[in-house]
Amino acid sequence: MPAVIDWKACDGCGASPEPPCVRVCPGDVVVKDFARGRSRLREPGECWDCYACVKVCPRNAIQVALPYALARRNGYLHLVEHSDRGVVWEIRWPDGTVQRVRRPAHVETFEEPERVAPDVYSGDGI
Amino acid sequence: MKTHVDVLDTDLLVVGGGAAGCAAAVEAREVAPHLDVTLVDKAHVSRSGCLAMGLNAINAYLPEGVAVDDYVASVRRDAHGVMREDLVRSLAEQINGATHRVESWGLPIPRDGRGRPLPKGPRSIQIFGESLKPILARRVRGCGARVVHRHALVDLRVRDGAVRGAYFLGVRTGELLEVRARAVILATGGAAGLYRTPNRGDARNRMWYCPFNTGAGYAAALRAGAELTTLEMRFVPTRILHTAAPTGTLAQTFGGREENLLGERFHDRYARAWNTDRLTTPQRLRALLEECKAGRGPVVLRLGQTGAGGRDDVLGAYLDMTPAQVALWAAEGLDAGGATVTISTSGPYILGGHTGSGLWVDGGRRATVPGLYAAGDVTGGAPKKYVSGAWVEGFIAARSAAADIAAGALPLPGPRVDAQTEERARALGQPAARGGALDPTDATERLQRVMDEWAGGHSTFYELHGRRLAKARAELEALEGDLAELCGRDPHQRLLAAEVRDRVLTARAVVAHLEAREETRWPGYQTRLDHPEPRDEWRCFVNSRYTPDGRIHTFRRPLRPSPAGPATGGAPCPP
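Residue numbers (the numbering used here), protein chains in the order written: chain A, 140 to 265; chain B, 226 to 800.
Check the hints yourself; a few may be wrong.
[What the hints assert, rightly or not] Simulated crosslink set (SDA-like; lysine to any residue; CA at most 20 Å straight-line):
| hint | chain 1 | residue 1 | chain 2 | residue 2 |
| --- | --- | --- | --- | --- |
| 1 | B | Lys-696 | B | His-717 |
| 2 | A | Lys-171 | B | His-717 |
| 3 | B | Lys-696 | B | Leu-754 |
| 4 | A | Lys-171 | B | Arg-397 |
| 5 | A | Lys-171 | B | Arg-714 |
Think of the hints as simulated: they come from the structure by calculation, not from any bench. Computed from a predicted model, the values in this text were never measured in an experiment.
Full structure from sequences and hints, please.
Structural data, given as structure tokens:
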């Protein structure tokens with residue numbers, strides 16, 4: 140039941156070589172499709188449904204969808220906000236009522252340079 | 226072909242940026258500010274590993290009035306006697322301090338009117354832990370350690386019989402990073418994905434433990450000659466049907482009680498049959514499995530009255546830990562108070578945070594190879610350490626490594642890029658060069674089938690038999706032979722190839738341990754159909770080492786070992 144990226148809302152974070160969704164994925168499953176300027180999953184079956192990408196998306200373009208086999212059509216959770224003020228979720232119940240739940244949260248996504256070692260060795264014959 | 230190698234020198238290398246690794250990096254910088262500390266994570270520290278979703282409780286904590294001895298006794302009872310008293314005691318003495326240290330880093334802990342943390346169960350407290358990983362990441366960033374993201378452990382770097390760094394695969398670059406270090410703290414987590422789980426297709430990674438924890442640390446430690454313990458104590462948790470979300474929150478915080486299909490509370494029946502006043506965790510699992518085998522499953526948790534917050538408290542607790550569960554409730558509905566939640570089982574998983582599986586260490590969390598230390602789920606002998614125990618082990622390992630470096634016991638690494646490293650780089654490049662025939666995903670699926678069918682997986686109620694295990698051993702050896710044909714078209718596929726290689730070696734070690742223990746020590750976790758009773762002669766550890774000819778050598782160690790020195794054997798297991 141993988142993350143689903145709405146390509147109408149996703150803009151690939153513009154020129155970013157590594158959008159937040161790509162950066163935080165614990166399984167290297169979310170990638171940026173540079174040709175189309177969007178993020179996508181390389182293989183939905185590798186997704187753990189951890190919601191890390193959902194929480195950091197600045198466009199709110201990602202949802203996690205439970206597959207029909209498990210939850211029929213309504214297995215969604217809507218993220219309203221994720222910031223240092225908290226994380227706010229919206230639940231749409233089967234009877235049509237809508238409920239919001241707020242929990243404490245902290246945002247931290249520090250960046251590190253991709254190539255870390257200043258010292259690159261190219262051996263002869265390797 | 227040409228493959229280049231990135232080289233990085235550091236004093237102390239921490240492998241893995243989860244609870245234990247973050248704690249180790251911070252502590253090393255605090256007790257030895259002059260040390261150059263490097264933490265390498267296969268993903269990004271802010272959301273990597275098993276805590277990526279968050280956490281709603283500290284499950285190892287001594288509330289007011291609970292003594293260290295009581296805590297140790299409760300762990301011993303639940304481990305059916307097989308645990309390292311010294312390690313568990315050190316955790317019991319330090320888990321509260323570790324918890325409040327992380328609270329000072331920003332973790333919110335709700336408290337009652339007298340300032341006491343709110344209990345979850347008898348030895349656990351509630352937290353607001355949705356952002357536990359980002360909070361740890363912020364502290365690591367502030368501690369002055371170098372953090373290297375997107376590099377997955379390939380192997381430890383062994384020189385002259387000691388661990389002097391490690392090799393990593395650049396997840397983005399597909400290239401080799403050699404980190405040379407005076408000491409290495411292994412904090413790579415446990416192993417998921419050794420066994421097939423009930424979810425299929427796009428949901429196949431919807432499991433409880435992090436599917437990106439692949440046993441890399443167990444496998445690398447084996448290849449480096451380190452000793453492992455208690456891999457046969459597999460963790461098979463009861464989990465919510467479909468999502469594999471934890472059940473402890475419902476059982477402990479919201480009064481959930483297990484009932485079978487007929488509405489019977491069956492625990493007491495098994496307690497009487499097994500002549501005990503209270504079932505242990507493995508016994509509760511076994512009882513659930515027996516009910517299912519008898520046609521009285523599935524089992525549900527019937528929630529008690531949920532207190533003032535009612536349904537909202539349940540939702541909040543799960544949103545902080547497994548949001549997918551709330552998505553399922555959004556589809557199915559959830560009544561406050563008196564609701565039932567269908568449960569099943571998940572795994573088996575191998576991890577030292579819940580059971581005793583992992584590296585064999587001394588009190589300072591030194592492994593049996595000089596220069597190597599271990600903390601968290603990759604470390605064995607101390608069941609039920611959970612996240613607070615992982616922090617304690619990170620702190621202890623960092624202090625030991627810093628002290629050993631200061632004492633000059635760990636000399637500087639040898640010459641730059643030597644023949645061994647060149648060979649390593651060649652091997653890493655090889656699959657792509659050969660264009661191989663075996664897809665890593667196919668190899669993983671084969672592994673999971675073999676383990677499920679022959680080594681006690683979900684489809685056989687986790688039951689084991691010596692003859693089935695012999696078949697598993699043979700199938701795994703054949704599979705390992707095929708891994709030479711793994712393909713690695715791009716960096717991600719190289720990562721998957723490295724992961725399945727580690728999973729297969731870990732699985733071989735698990736099967737060797739399961740074969741060795743000819744009794745049933747932990748019903749449910751390790752039920753041997755051909756040896757259904759516990760036996761006094763097996764009140765000991767089963768340990769293992771990888772031999773130069775590629776076998777897993779198992780042997781026994783007594784429950785109260787002398788301080789672990791160099792690996793010198795121990796009594797052999799019966800043939």
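A quick look at each hint next to the structure:
no.: 1; hint: B:Lys-696 / B:His-717; in the structure: violated (32 Å)
no.: 2; hint: A:Lys-171 / B:His-717; in the structure: holds (13 Å)
no.: 3; hint: B:Lys-696 / B:Leu-754; in the structure: holds (15 Å)
no.: 4; hint: A:Lys-171 / B:Arg-397; in the structure: holds (12 Å)
no.: 5; hint: A:Lys-171 / B:Arg-714; in the structure: holds (18 Å)
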